[in-house]
Amino acid sequence: MPMKLLNQIQELQSEGIISPQTALDIQGYFKSKEQQTGNRQIVIFSVIGSLLLGLGLILLFAHNWDEMSKLTKTIIAISPLVITQGFGVYFLSRKKDSLAGREGIGSLLFLCIGLSISLVGQIYNISGDMPGFLKSWMLLALPALFLLRSSMIAFLSSAGITWYILIQKDNSFFPFLLFLGYMGLIIFHFFKLLKTDKENNYINIATWIIPITFLFATAAFEKSNDELVFLNYLILGTLFTWIGNSRLLAGRSLVKNGLKIIGPLSILNILFILSFIDVAEDLLRIETNQFGLEWIAFCLLLIPLTLIIIKRSMAVGLSKSPIQWVFIPSILLFLFSGSEILISLGANFMILGLGLLYILNGIKENLIGKLNFGLLIITILVTCRFFDGSLSFIARGIIFLILGAGFLVSNYWIIKRKKNENE
Amino acid sequence: MNKKIIIGLFILTSLIQFAAPLSMIWEREKVAQNGTEFKFKTRPIDPYDPFRGKYINLYFENNSVPVSNIDDWVSQEEGYFMIEKDSEGFAEVVSAHLEEPKEGNYIKMKCFHYYGADSTINFKYPFERFYMNENEALNAEKAYRSSNRDRNKKIAYAIVKILNGETVLEDVIIGGKSAKDLM
Numbered sequence: 001m002p003m004k005l006l007n008q009i010q011e012l013q014s015e016g017i018i019s020p021q022t023a024l025d026i027q028g029y030f031k032s033k034e035q036q037t038g039n040r041q042i043v044i045f046s047v048i049g050s051l052l053l054g055l056g057l058i059l060l061f062a063h064n065w066d067e068m069s070k071l072t073k074t075i076i077a078i079s080p081l082v083i084t085q086g087f088g089v090y091f092l093s094r095k096k097d098s099l100a101g102r103e104g105i106g107s108l109l110f111l112c113i114g115l116s117i118s119l120v121g122q123i124y125n126i127s128g129d130m131p132g133f134l135k136s137w138m139l140l141a142l143p144a145l146f147l148l149r150s151s152m153i154a155f156l157s158s159a160g161i162t163w164y165i166l167i168q169k170d171n172s173f174f175p176f177l178l179f180l181g182y183m184g185l186i187i188f189h190f191f192k193l194l195k196t197d198k199e200n201n202y203i204n205i206a207t208w209i210i211p212i213t214f215l216f217a218t219a220a221f222e223k224s225n226d227e228l229v230f231l232n233y234l235i236l237g238t239l240f241t242w243i244g245n246s247r248l249l250a251g252r253s254l255v256k257n258g259l260k261i262i263g264p265l266s267i268l269n270i271l272f273i274l275s276f277i278d279v280a281e282d283l284l285r286i287e288t289n290q291f292g293l294e295w296i297a298f299c300l301l302l303i304p305l306t307l308i309i310i311k312r313s314m315a316v317g318l319s320k321s322p323i324q325w326v327f328i329p330s331i332l333l334f335l336f337s338g339s340e341i342l343i344s345l346g347a348n349f350m351i352l353g354l355g356l357l358y359i360l361n362g363i364k365e366n367l368i369g370k371l372n373f374g375l376l377i378i379t380i381l382v383t384c385r386f387f388d389g390s391l392s393f394i395a396r397g398i399i400f401l402i403l404g405a406g407f408l409v410s411n412y413w414i415i416k417r418k419k420n421e422n423e
Numbered sequence: 001m002n003k004k005i006i007i008g009l010f011i012l013t014s015l016i017q018f019a020a021p022l023s024m025i026w027e028r029e030k031v032a033q034n035g036t037e038f039k040f041k042t043r044p045i046d047p048y049d050p051f052r053g054k055y056i057n058l059y060f061e062n063n064s065v066p067v068s069n070i071d072d073w074v075s076q077e078e079g080y081f082m083i084e085k086d087s088e089g090f091a092e093v094v095s096a097h098l099e100e101p102k103e104g105n106y107i108k109m110k111c112f113h114y115y116g117a118d119s120t121i122n123f124k125y126p127f128e129r130f131y132m133n134e135n136e137a138l139n140a141e142k143a144y145r146s147s148n149r150d151r152n153k154k155i156a157y158a159i160v161k162i163l164n165g166e167t168v169l170e171d172v173i174i175g176g177k178s179a180k181d182l183m
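Line by line, the protein sequences are chains H and E.
Residue numbers 1 to 423, in my numbering, belong to the letters of the first sequence in order.
Residue numbers 1 to 183, in my numbering, belong to the letters of the second sequence in order.
Just chain E, with the same shape it has in the complex (with noise of 0.2 Å):
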C-alpha cells in the first residue's frame, strides 16, 4: 500500500481511537451540568478492578419494583424505570415501562427475571462503582461499618445527576462526609 495512504488511514483511526473516550466524556457531562440530583441509599464495600483500580461497590436496597405484565420483559435487557423521591428525600423506582418515559425522571437499566418471580421485576443500576484513591477505599468501608453502630451516622447514600435515562454517580456520602473526606 502507498505510504501516504497508510499515514492517512493511521491518522483517521487515531482520531477514531481519541474520540472514543472523548464521546463518553461528553455523554457524562452532558448529564452532569443538566441532569436532576437523586439521593440512592447504599451499602458501601471496597473490592478493585485491574484496570481502573479500587472502588467502593454500592449495594442499593431498592432493587425489585412490580410489573404488570411480566411475560413481556426478557432477562438483561434493558428497560426504564421511573425515579421519585419518598417522604425522607431518598430516590426510590416506582414503575417500570418497556417504553422509554415521555417526560419525568428514568434510569435505563438492565432488568432480571427470576424464575419463579411472579409479578416483581429486579434491575440492576447503571451506577455501582464509586472510584477512589487505593490508599481510602477500604476506608469508607470501615467508616460505614463503625457509623452503622450509631443509628443517627447510619445512614449512606450515592448521590446521582439523571437526565434522559442516563445518569453519573457524583459522590458517596457515609455518616454525613463524602467518601473521599474520611481520612
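Chain H on its own, in the form it takes in the complex (with noise of 0.2 Å):
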C-alpha cells in the first residue's frame, strides 16, 4: 500500500472526518487488492517463463546437433517432455489449487508435446506433413486442457487447430468435425470457468480470442461455392453479437468482452464489401443446388443464433441499434433478388442506417463514441463509394465537407450540452 495513501487515511482519522473502523477496512481493502495484484503477476510471469523457456528447448534443438548420436538425440527430444509431465504429477498431488503452476505447467508440456514429435521428424528425416504434425499434437494436447484446466494450452491449441484446418488437403468432412468438436470442448472449458469465476481475466481474453478463431477458420469451409462464404461471415458476426450482449457477458466494458466489438465490425466489413456492385455481381453465381461446405457453415451459423434469438430473454445488453437484425434482409436480397443492383442499393441503405441511428443514439444518450462510430461510418461509405461511383470531384467535394463540419458541429455540441448538465 503506497505510503502517501496511509498518510492521508491517517491525516483523516486523526481529523475526525473517517472513524478508526472505516480506516481499518480502508487499509484491509487495498491490502487484499495488492494480494490480487500480486497473484496476477504470479500467473503472468509463469506463463511467460514456461512459453520462453519452450519456445527456447525448440530453437535449441531446431540446430540439429550432429555431434550427437541417433540415441542421445531421442532421448534428449523426448526428456523435456516426461520432465514436465513429472512436474505436472507432482503438481496434481501437491499444489492443485495455484493458478500459476496451472498456467505454467499447462503451456510448457503443450509446447513439450510439439517438441518430442517435430524432434523425432528430424532425426527420422520425416517430410514435412504440417497438418498431420498439428494434428496429432492438438489431440495430444487436448487431455491437458481438461485435467490442468489450463486456459493457456486452450489458446495455445485453438490456434494450433485453426492453423490446421486452414491448411488440411482432406477430401473428407473428417477436418471440419475434428474443428468444431475441438472447439466446442474449448468454449465449454470457458463456459465452466464463467458459471464458476466470472471476473477472470482469462474470459476477457477467451472473448478476443475465440472469436478470431472462429473467423479465421470460416474462410476453411469453402470449397467451390466461396460466394456464400461472405453471408457466413455476416452471420458470424451476428451471432458474435448476440453472443456478447447475451447475459452470460452482460455488464462487461467493451475490453473485456471482445465479441461486442468484433461482432458489428464484422457485419458492417461485409456489408462494406457487398455495397460494391462487382462483388454483388459475383454473389449472384451462389448456386442454391450445389450442396457442399459452405452450406454446411451456413446452416451451423444460423442454427445458434436462431436459438439465441427464439430465447430472446437470453440477449440483455442488445441496444436499439439494429445491427443485429440486419442479416435477415441481407440474406433474402442476396439469396432471393437476383439482381446485383438490389444487393449493392440494399447494402448501402443499411450502412447509411446504421450510421446514421448510431449518430442519433450517440446524441440522444451524450456518448460522443457512438456519435463519432456513426460518422465514421458514413464517411467509410462515402470513401467507398468513390472507387465504383462516378461522382463529380465538386459532388466529391461537398459531400466531405458536409461529413467535416458534422463532425465538428456534432461533437461540439454533445460536448457543450455535457458542459451544461454537469453545471
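The hints are simulated quantities; they were obtained by calculation from the structure and are not laboratory data.
Honestly, I wouldn't trust all of these hints.
Stated by the list, open to error - Listed next, the in silico EDC-like pairs over lysine to aspartate or glutamate satisfying Cα-Cα at most 20 Å (straight line):
| id | chain 1 | residue 1 | chain 2 | residue 2 |
| --- | --- | --- | --- | --- |
| 1 | E | K4 | H | D97 |
| 2 | E | K180 | H | E67 |
| 3 | E | K177 | H | D66 |
| 4 | H | K73 | E | E170 |
| 5 | E | K108 | H | D129 |
| 6 | H | K70 | E | E77 |
| 7 | E | K180 | H | D66 |
| 8 | H | K73 | E | E136 |
| 9 | E | K161 | E | D171 |
| 10 | H | K73 | E | E29 |
| 11 | E | K177 | H | D97 |
| 12 | H | K73 | E | D181 |
| 13 | E | K180 | E | E136 |
| 14 | E | K124 | H | D129 |
| 15 | H | K73 | E | E27 |
| 16 | H | K169 | E | E128 |
With the hints in hand, could you dock these two chains into one complex?
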C-alpha cells in the first residue's frame, strides 16, 4: 500500500472525518487488492517464463546437433516432455489450486508435446506433413486442457487447430468435424470457468481469441461456392453480437468483451464489401442447389443464431441499434433478389441507416464515442463509393465538406451539452 | 472430480503423449534395420522449418509414371509405386498400383492427377527433407551447385531404405561425399 495513501488515511482519521473502523476497512481493502495484483503477476510471469522456456528448447534442438548419436538425440528430444509430465503429476498431487502452476505447466507441456514429435521428425527425416503434425499435437494436448484446467492450453490449441483447418487438404469432412468438436470443447472449458469465476481474466482474453479463431476458420469452409462465404461471415458477426450481449457476458466493458466489438465490425465489413456492385454481381453466382461445405457452415451458424433469437431473454444488453437484425434482409436480398443492383443498393442503405442510427443514439445518449462511430461509418461509405461511383469532383468535395462540418458541429454540440448538464 | 482419478487420467494421457513419438521411432527403426537400400537421383536446395530447423529440400527428377486406367486415380490419395534399379544402379519408379503389391519393393505415396494429363500420374516422395545442422544446410546446396560445373562430380543422390511401402531417408550424397561431411 503506498505510503502517501496511508498518511492520508491517518490524517483523515485524526481530523475525525473517518472513524478508526473505516480507516481499518480501507487499509484492509487495499491490502487484499495488492495481494490480487501480486497473484496475477505471478501467473503472468509463470506463463511467460514457461512459453519462453519451451520456445527456447524448440530453437536449441532445431539447430540439429550432428555430433550426437541418433539415440542420444532421441533421448534428449523426449526428456523435456517426460520432465514436464513429472511436474504435472507432482503439481496435481500437491498444489492443485495454484493458478500460476496450472497455467505454467500447461503452457510448457503443450510446447513439449510439439517439440518431441517434431524432433523425432527431424532425427528420422520425416517429410513435412504439417497438417498431420498439427493434428497429432492438438489431439495429444487436449486431455491436459481439462485435467490441468489450463486456459493457456485452450488459447494455444485453438490457434493450432485453426492453423490445421486452414492448411489441411483432406477430401473428407473429418477435419471439419474435428475442428468443430475441438472448438466446442474449448468453449465448454470457458463456459465452465465463466460459471465458477465470472471475473477471471482469461475470460476477457477468450472473448477476443475465440471469435478471431472462428473468423480465420470460416475461410476454410470454402471449396467451390465461395460467394456464400460472405453470408457466412455476416451471420458469424451477428452471432458474435448476440452472444456478446447475452446475459452470460452482460455488464462487461468493451475491452473485457471482444465479441461486442468484433461482431458489429464483421457485419459492417461484409456490408461494405457487398456495397460494391462488382462484388454483388459475383454473389449472384451462388449455387443454391449445390450442397457443400459452405452450406453446412451456413446452417451450422444459422441454427445457434436462431436459437438465441428465439430465446430472446438470453440477450439483455442489446442496444436499440438494429445491427443484430441486418442479416435477415441481407440473406433475403442476396439469396432471392437475383439482381446485383438491388443487393448493392440494399447494402448501401443498410450501412447508411446504421451510421445514422449510431449518430442519433450518440446524440440522444450524450455518447461522443457512439456519435463518432456513426460518422466514421458514413465517411467510409462515402469513400467506398468514390471507387465505383461516377460522382464528379465537385460533388465529392461537397460531401466531404458536409461530413467534416458534421463531425465538428455534432462533437462540439455534445461537449457543450455535457458541460451544461454538469453545471 | 476426485483427485486420484485426475492424477490417474493425467498419467494415462502422459503415457499416450509419450507413446506418440516412441511409435514414430519404432516404425522408422523397423524400416532402417530391415529395409532394402535404394539410391534416388536428386537436386538439393536449402530452406528451413520453424519447428525442426534447417533441412535440404530434395527435388527428384523421376516424379511421374504412366498408368493404364487414369480415371481410377484421385488426386491427393495414396497409391503404391513399384521401385526398380536402372542400368546405372539408381532407383526408378516403374509402375503404379491402387492395390498394395504382394511382393517387390514399393513405396506408398500421395498421387497428383493434373488436369489435362493424358495417361501419366505424378507422385510426391515421402522423403523430400533431409534435416541438417543449421550451419551446414547452405553448404550442401553450394556444394551441389559447384559440383554441377564438373560433369564427373555432378551426381547427387539420396540413400533410402524401403520396407513394405514405408521409407527412411538415411543420407544424401553430393559429389561422392555425405552432405553432413561437406564442411
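Checked hints:
| no. | hint | result |
| --- | --- | --- |
| 1 | E/K4 with H/D97 | holds, 15 Å |
| 2 | E/K180 with H/E67 | holds, 10 Å |
| 3 | E/K177 with H/D66 | holds, 16 Å |
| 4 | H/K73 with E/E170 | holds, 16 Å |
| 5 | E/K108 with H/D129 | holds, 14 Å |
| 6 | H/K70 with E/E77 | violated, 32 Å |
| 7 | E/K180 with H/D66 | holds, 8 Å |
| 8 | H/K73 with E/E136 | holds, 18 Å |
| 9 | E/K161 with E/D171 | holds, 10 Å |
| 10 | H/K73 with E/E29 | holds, 14 Å |
| 11 | E/K177 with H/D97 | violated, 58 Å |
| 12 | H/K73 with E/D181 | holds, 19 Å |
| 13 | E/K180 with E/E136 | holds, 7 Å |
| 14 | E/K124 with H/D129 | holds, 12 Å |
| 15 | H/K73 with E/E27 | holds, 17 Å |
| 16 | H/K169 with E/E128 | holds, 18 Å |
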